[in-house]
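Undergrad: Sequence:
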Amino acid sequence: MTGVPRDVLGAPHPVLSASAEPVDPTDPFVVSAAADLLATLREAGMLTGLAAPQVGLSWRLIAFDAGRHPRSRSSAGALALVNPRLAEASHWRVGREGCLSVRGLFAEVPRAAQITVCGQLPGSGELVTIEADAFEARCIQHQLDHLDGVLFLDRVSGARALHHRSHSCYA
Numbered sequence: 001m002t003g004v005p006r007d008v009l010g011a012p013h014p015v016l017s018a019s020a021e022p023v024d025p026t027d028p029f030v031v032s033a034a035a036d037l038l039a040t041l042r043e044a045g046m047l048t049g050l051a052a053p054q055v056g057l058s059w060r061l062i063a064f065d066a067g068r069h070p071r072s073r074s075s076a077g078a079l080a081l082v083n084p085r086l087a088e089a090s091h092w093r094v095g096r097e098g099c100l101s102v103r104g105l106f107a108e109v110p111r112a113a114q115i116t117v118c119g120q121l122p123g124s125g126e127l128v129t130i131e132a133d134a135f136e137a138r139c140i141q142h143q144l145d146h147l148d149g150v151l152f153l154d155r156v157s158g159a160r161a162l163h164h165r166s167h168s169c170y171a
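The UniProt record's numbering puts the sequence shown at residues 1 to 171.
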């Protein structure tokens, strides 16, 4: 199914600060929304991940393609996950992040450098486990935070970590 790119909401939209609800991965609306998230990623240049709340859907659905970013070592390609959850996290590092829902701000954010995520594939509902590291792990954790109503700025300790930039490189 081919998706349609959607507009991305900006903070402080209320859906961005709410916990998203689990959804049925076989529901045609969820499958369509997953395709839309992937289409939005393709159209948005350096955007590497997107969560359903960012397009106004309070659903536990994310899409990512960390391989599009120059800092990535991943070549896995684009993927959407329904009802994802972080199963394991280790090797914490601080790294620079931004967000399309918080344009123009970047910050140093602590994240696990190695993770294991479980979720379901849209359409089939097949359970999958993904092991990710480095930039891909950071990208996925950023999207998982959106599902819990957490913006990357919520993870920043102190104003010194914030940076204003005009370029468009988002996690």
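Keep in mind the hints are simulated off the structure, nothing from the lab. Where hints are given, some of them may not hold.
[Unchecked claim] Simulated restraints on C-beta separations:
no.	residue 1	residue 2	range
1	R96	C118	24 to 30 Å
2	E43	G95	41 to 47 Å
3	D148	D27	28 to 34 Å
4	D24	E88	24 to 30 Å
5	V128	V150	22 to 28 Å
If you're wondering where the values come from, they're calculated on a predicted model, not measured in any experiment. All C-beta atoms, glycine included, are put in the ideal place defined by N, C-alpha and C.
Undergrad: Work down the list of hints and note, for each, if the structure agrees.
TA: So, going through the hints one by one against the coordinates:
Distance hint for R96 and C118: a CB-CB separation of about 27 Å, consistent with the stated range 24 to 30 Å. One distance hint, 41 to 47 Å for the beta-carbon pair E43 and G95, is violated here, with the actual separation near 25 Å. The hinted range of 28 to 34 Å is not satisfied by D148 and D27, whose Cβ atoms lie roughly 21 Å apart. Between D24 and E88 the beta carbon distance is about 26 Å. The supplied range of 24 to 30 Å therefore holds.
At about 23 Å, the beta-carbon gap between V128 and V150 stays in the expected band of 22 to 28 Å.
Of the numbered hints listed earlier, those contradicted by the structure are 2, 3.
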